[in-house]
Amino acid sequence: DGGITQSPKYLFRKEGQNVTLSCEQNLNHDAMYWYRQDPGQGLRLIYYSQIVNDFQKGDIAEGYSVSREKKESFPLTVTSAQKNPTAFYLCASSIERTFYGYTFGSGTRLTVV
Amino acid sequence: RKEVEQDPGPFNVPEGATVAFNCTYSNSASQSFFWYRQDCRKEPKLLMSVYSSGNEDGRFTAQLNRASQYISLLIRDSKLSDSATYLCVVSLNNNDMRFGAGTRLTVKP
Chain P
1 DGGITQSPKY LFRKEGQNVT LSCEQNLNHD AMYWYRQDPG QGLRLIYYSQ IVNDFQKGDI
61 AEGYSVSREK KESFPLTVTS AQKNPTAFYL CASSIERTFY GYTFGSGTRL TVV
Chain A
1 RKEVEQDPGP FNVPEGATVA FNCTYSNSAS QSFFWYRQDC RKEPKLLMSV YSSGNEDGRF
61 TAQLNRASQY ISLLIRDSKL SDSATYLCVV SLNNNDMRFG AGTRLTVKP
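Top line first, the protein sequences correspond to chains P and A. Sequence positions in the first sequence follow the working numbering and run 1 to 113. Sequence positions in the second sequence follow the working numbering and run 1 to 109.
Worth double-checking, as some hints may not be accurate.
[Unchecked claim] Label-pair distances were calculated between CB atoms; the ranges are:
| # | chain 1 | residue 1 | chain 2 | residue 2 | range |
| --- | --- | --- | --- | --- | --- |
| 1 | P | T86 | A | G16 | 37 to 47 Å |
| 2 | P | K9 | A | D57 | 23 to 33 Å |
| 3 | P | G40 | A | Q31 | 41 to 51 Å |
I should point out that these hints are in silico values taken from the structure, not numbers from a laboratory. All values derive from a computational prediction rather than experimental measurement. Note that CB positions come from ideal geometry on N, CA and C, so glycine has one too.
Take the sequences, apply the hints, and build the full model.
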């Protein structure tokens with residue numbers, strides 16, 4: 001079955017530590033996205049990528065980094081510069097230049113300990 | 001003003017009831033509109049796109065009013081399984097989707 005796989009499901013980070021969240025899709029989608037969801041707020045865009053080896057900052061990119069070396073993969077690194085990283089992180093993908101909406105992965109819940 | 005605003009609820013309704021949610025958006029250039037459903041601690045899933053002429057999918061009806069910049073979702077004959085948070089999503093283009101914070105619905109026996 002085609003879909004998006006995020007791992008791990010739960011992640012605990014110590015202060016000052018970098019962590020990387022994985023996102024893999026086998027939908028052959030061109031575009032991939034990372035969102036952050038906090039309680040009572042809408043999803044906010046962190047980064048997106050329309051093609052391999054290219055990505056753009058979203059509304060809240062500070063403290064995060066990404067790479068897009070393969071079409072299928074779009075990992076997100078939460079760096080120590082991100083002061084409030086505890087949140088639910090969602091990866092999504094879509095066919096470029098269509099308005100059919102996004103397909104989401106099941107998310108990673110990151111907690112700072 | 002938020003780009004996409006929704007009443008957070010919660011809406012508590014009995015089984016079989018009809019319930020309606022509204023959502024307003026601020027950018028008149030928005031081109032695409034969606035309703036997503038999100039269960040507790042799960043990812044959002046596309047419920048339906050919203051077209052200018054309005055569209056229906058079984059018990060769900062979505063409407064768009066561009067002049068007043070709002071979209072609506074009507075759920076008829078509510079089921080227990082409809083309990084979820086409903087996210088309004090508005091898009092300028094495929095890389096600029098704006099999500100509302102969601103409206104929480106609880107359907108009770």
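To see whether the hints hold, each was checked on the structure:
no.: 1; hint: T86(P) / G16(A): 37 to 47 Å; in the structure: holds (40 Å)
no.: 2; hint: K9(P) / D57(A): 23 to 33 Å; in the structure: holds (30 Å)
no.: 3; hint: G40(P) / Q31(A): 41 to 51 Å; in the structure: violated (27 Å)
Checked against the numbered hints given earlier, the structure breaks only hint 3 and satisfies all the rest.
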